[in-house]
Amino acid sequence: MRHLKTLIASAALSLTALGGAALAQNSGDGQPPSQCLAIARTLPDLFPSITYASASASENPLGVSEAVTISFEGHSTYRIETPAGVAIATDFSGFYGADPLPRVVTMNRAHSTHYTLNPDPGIEYVLPGWNPNGPEPAEHHVVVDDVYVRNVTTDIRAWESGGMIPDANSIFIFEVAGLCIGHLGHLHHALTDTHYAEIGRLDILMVPVDGGLTLSHTGMAEITSRLRSSIVLPMHLRGTRITSFLEKMSAEFAIENLEGNSITVTVRDLPKRPTIMVPANLGFRG
33 MRHLKTLIAS AALSLTALGG AALAQNSGDG QPPSQCLAIA RTLPDLFPSI
83 TYASASASEN PLGVSEAVTI SFEGHSTYRI ETPAGVAIAT DFSGFYGADP
133 LPRVVTMNRA HSTHYTLNPD PGIEYVLPGW NPNGPEPAEH HVVVDDVYVR
183 NVTTDIRAWE SGGMIPDANS IFIFEVAGLC IGHLGHLHHA LTDTHYAEIG
233 RLDILMVPVD GGLTLSHTGM AEITSRLRSS IVLPMHLRGT RITSFLEKMS
283 AEFAIENLEG NSITVTVRDL PKRPTIMVPA NLGFRG
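Using the numbering used here, read the sequence shown as starting at 33 and increasing by one per residue.
Because the hints were derived from the structure by calculation, they are not lab data.
Please read all numbers here as calculations on a predicted model, not as lab measurements.
Check each hint, because a few of them may be wrong.
[As the list claims (entries may be wrong)] With beta-carbon atoms standing in for the labels, derived distance ranges:
no.	residue 1	residue 2	range
1	THR224	GLU284	43 to 49 Å
2	THR226	GLY117	34 to 40 Å
3	ASN313	GLY251	36 to 42 Å
4	SER248	ILE287	18 to 24 Å
5	GLU279	ASN313	20 to 26 Å
We put the beta carbon where it would ideally sit given N, CA and C, even for glycine.
All chains should be modelled from the sequences, with the hints used to inform the complete structure.
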């Protein structure tokens, strides 16, 4: 495996010099309002100590009921397809979720299965979870047709030194059709009250459950319980490693084994009991 510092430096140079793909990163000035934050802040026990809960259909201020399709492609890549036809691939390495080509990809730099140095130039928006241009955190506020994409940064382990690299991972949040969808990325540590306040309400949460390279099952269970999303979609699915996580969550969350790898959901048909939905094809997609 290539030296981590060399890999990161190479990633920064390559992402800065992307051709047809847009490196969408900005200061946040003039950013659109977040429905997920707005609703979360009206709940009892205002942030930052808030325990977020998903909104019911009656709490949806837009009255939106269009369907969003989410498909597990492999490893940490979920494909999100919006009602307007915008395709998004999370933690995109160029391998999973590349066909058909998405318009938007998000990436994290923990290791090379979560990003690519050479994204297809046909991808319109390439959103790295770290800042390839300097020490400041990456900050994304991107609107593509009917979806608003933003991020909350976290730290990652420096594998060789044993320390932490600040703001090198992003939790990406996708606001579309009245739904708030979050992807935890390659999360390495517990979240603070500030993180929870910046994330807001999440109806659907994508959680890494390997229990080792990312946060432990105990730590990930604590985060999942606090966010209490209506739907939890696991990733980093490797054989029986998911079993321990499901056991920890089964008292609070229903467990549903999907017949395939996709769900189609609207804000009006979110399950009343928080539910972990496990994709069918785990063996060759971990």
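We went through each hint and held it up to the structure:
no.	hint	result
1	THR224 / GLU284: 43 to 49 Å	violated (22 Å)
2	THR226 / GLY117: 34 to 40 Å	holds (35 Å)
3	ASN313 / GLY251: 36 to 42 Å	violated (27 Å)
4	SER248 / ILE287: 18 to 24 Å	holds (20 Å)
5	GLU279 / ASN313: 20 to 26 Å	holds (22 Å)
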